[in-house]
Amino acid sequence: MLAMENLEVVYEDVILVLKGISLSVPEGSIVALLGANGAGKTTVLRAITGLLDVHRGKITKGTITLDGKPIHHMDAPATVAAGIGQVMEGRRTFTEFTVDENLRIGAHTADRGTVEANLDRIYTLFPRLAERRKQVAGYLSGGEQQMCVIGRALMAEPRYLLLDEPSLGLAPLIVQQIRDLIVAINEQGTSVLLVEQNANMALAIASHGYVLETGKVVMDKPAAVLREDDDVREFYLGLREEGAASFRDVKHYKRRKRWLS
Amino acid sequence: MEILIATIVRGVGIGSTYALIAVGFVIIYRATDVVNFAQPALVILGAYFNALFVFNYGLPFPLAVVGSMAAMALIGALTERVALRPMVGQPPFSAAMVTVGLFFALYVLAARLIGSNVITMGDPWGLSRVEFLGTTVGQVDIAKTIISLTAIAVVGVFLQRSKLGLAMRATALDQEVALAQGVNVGRMFGVSWAMSGALAALAGVMIGTAGGGMVALDAFVALKALPVIILGGLDSIKGSVVAGIFIGVAEALTRTYQPGNADFLGANFDVVVPYLIMVIALMVRPYGLYGTKEVQRV
Chain A
1 MLAMENLEVV YEDVILVLKG ISLSVPEGSI VALLGANGAG KTTVLRAITG LLDVHRGKIT
61 KGTITLDGKP IHHMDAPATV AAGIGQVMEG RRTFTEFTVD ENLRIGAHTA DRGTVEANLD
121 RIYTLFPRLA ERRKQVAGYL SGGEQQMCVI GRALMAEPRY LLLDEPSLGL APLIVQQIRD
181 LIVAINEQGT SVLLVEQNAN MALAIASHGY VLETGKVVMD KPAAVLREDD DVREFYLGLR
241 EEGAASFRDV KHYKRRKRWL S
Chain B
1 MEILIATIVR GVGIGSTYAL IAVGFVIIYR ATDVVNFAQP ALVILGAYFN ALFVFNYGLP
61 FPLAVVGSMA AMALIGALTE RVALRPMVGQ PPFSAAMVTV GLFFALYVLA ARLIGSNVIT
121 MGDPWGLSRV EFLGTTVGQV DIAKTIISLT AIAVVGVFLQ RSKLGLAMRA TALDQEVALA
181 QGVNVGRMFG VSWAMSGALA ALAGVMIGTA GGGMVALDAF VALKALPVII LGGLDSIKGS
241 VVAGIFIGVA EALTRTYQPG NADFLGANFD VVVPYLIMVI ALMVRPYGLY GTKEVQRV
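Chains A and B, in that order, are what the protein sequence lines are. Taking the working numbering, the leading residue of the first sequence gets 1, the next gets one more, and so forth. Taking the working numbering, the leading residue of the second sequence gets 1, the next gets one more, and so forth.
Do not rely on the hints blindly, as some may be mistaken.
[What the hints assert, rightly or not] Covered stretches of chain B, as calculated for chain A (at least 3 residues, CB under 8 Å):
#1 167 to 174
#2 179 to 188
[To be verified] Calculated cross-link-like contacts (lysine-lysine; reagent style DSS-like; alpha-carbon spacing at most 25 Å):
#3 B:K238 / A:K134
#4 A:K221 / A:K58
#5 A:K216 / A:K19
#6 A:K134 / B:K163
#7 A:K69 / A:K58
#8 A:K69 / A:K216
Rather than coming from a laboratory, the hints here were simulated on the basis of the structure. The structure displayed is predicted, hence computed values, not measured ones. All residues carry an ideal CB built from backbone N, CA and C; glycine is no exception.
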């Protein structure tokens with residue numbers, strides 16, 4: 001279980017970004033983390049993987065635990081070694097490396113003996129990458145790059161995989177592929193924390209969902225319940241009740257996406 | 001013809017030494033985006049350590065070389081930890097300025113240690129000559145070429161093939177992503193400085209094997225690696241080798257043929273030649289012969 005209790009994160013010593021967030025990723029599950037831009041989703045991931053200091057952020061309160069052991073004081077290499085893998089937003093392949101090198105660097109903390117077996121596993125999972133293993137990663141298509149970075153994170157055999165917007169900027173068909181891959185990875189025994197703007201995709205595969213708004217968890221429900229929730233349907237899934245009043249008739253300032261207040 | 005061959009051999013010898021120093025620049029630049037202007041001072045310090053080991057401690061020459069390389073690797077790593085680590089996240093320009101300061105600090109230190117003495121390396125070649133393509137050339141030039149190019153090849157293979165080398169290259173490309181893969185980025189900086197320190201020491205020994213020995217002011221000979229990295233490309237080891245040898249040969253040819261053919265240029269014009277080539281390179285090909293332009297999808 002990867003859990004977060006009352007976490008507060010401050011950037012540049014003054015900007016309070018997370019205001020006491022609690023969430024948990026049970027072993028073997030897919031958990032979705034939804035929220036608008038600037039809600040703090042990426043900050044949650046950075047806090048878990050120890051990448052906050054790169055962005056001059058600090059955890060000021062609260063704890064993050066992995067199976068009960070605190071990990072919020074660990075630096076990035078230590079969290080990777082502890083079994084947490086992160087796929088960052090915007091793909092971030094090593095553009096000048098070949099696909100093969102990109103995957104190998106993911107195994108930096110892993111035992112030497114596991115590298116070849118893991119390479120095989122990932123090339124089976126992503127046959128497209130196997131075709132392009134000697135090509136420079138920077139020239140791959142967006143979907144292939146996304147597969148490449150997911151594969152890179154899997155090379156360290158993480159028990160928990162944190163995915164930051166894997167569907168960003170991809171065509172709907174590719175998004176489906178990525179979604180199926182996440183399910184496949186989960187079935188192989190990796191728990192997934194999925195940060196998404198594409199709530200439709202995220203809630204379709206997640207068992208539990210959190211909705212984040214300006215640094216607070218405003219909804220914490222099973223994914224099935226969230227899928228049926230009126231507000232989530234309207235603001236995240238883009239679905240409205242049949243026959244609902246047109247937007248012209250509603251008071252705009254009240255329709256802002258705000259859950260508390 | 002014989003003069004030409006002798007000149008070229010001498011040029012290749014000194015040029016491969018320039019290449020060795022340039023590779024030191026390239027390693028640090030690739031890992032940390034910082035042009036390390038302190039490198040020439042490391043070169044002189046390395047030569048000093050070698051002389052110290054040979055003449056004060058009586059070590060045989062090969063052992064002394066290894067010893068001075070180890071000492072400079074340590075000093076390089078320490079310098080990084082003390083002076084450059086706090087600059088992580090600051091603009092590369094500020095960090096480069098720190099290295100300029102380091103250059104003067106280390107240079108003054110080296111000048112103090114060496115004093116006004118001429119130091120020699122105790123190398124086995126001295127002024128002996130060897131038959132080569134119908135003429136006689138200095139053994140030391142051949143030795144310089146072989147040793148420098150071998151050292152560079154070892155570094156190249158290490159960066160390209162080994163796990164640590166891969167992590168260093170990853171750090172060079174994107175520090176945050178490298179961190180997220182579990183690479184200890186700070187340690188990679190340390191390793192790259194240690195490697196450049198060791199290469200600097202080796203280059204120092206190579207410069208010190210020159211007939212007249214070496215003085216502290218020879219730090220400015222080492223500064224010729226600057227035109228080399230500009231011509232070869234700041235981030236290319238291959239470029240360093242090609243440009244180093246090119247500049248070394250150009251310099252040697254000027255030294256041989258300019259007096260008598262172009263006297264109006266004045267004495268010691270060969271010293272200017274590398275910088276002249278640098279200016280031209282900057283105008284024609286600012287990223288150098290082999291410097292990479294960014295990989296980008298279109």
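Right, here's what the structure says about each hint:
{"no.": "1", "hint": "167 to 174", "result": "holds (count 5)"}
{"no.": "2", "hint": "179 to 188", "result": "holds (count 6)"}
{"no.": "3", "hint": "B:K238 / A:K134", "result": "holds, 21 Å"}
{"no.": "4", "hint": "A:K221 / A:K58", "result": "violated, 28 Å"}
{"no.": "5", "hint": "A:K216 / A:K19", "result": "holds, 6 Å"}
{"no.": "6", "hint": "A:K134 / B:K163", "result": "holds, 17 Å"}
{"no.": "7", "hint": "A:K69 / A:K58", "result": "holds, 19 Å"}
{"no.": "8", "hint": "A:K69 / A:K216", "result": "holds, 24 Å"}
Hint compliance for this structure: hint 4 is the single one not met.
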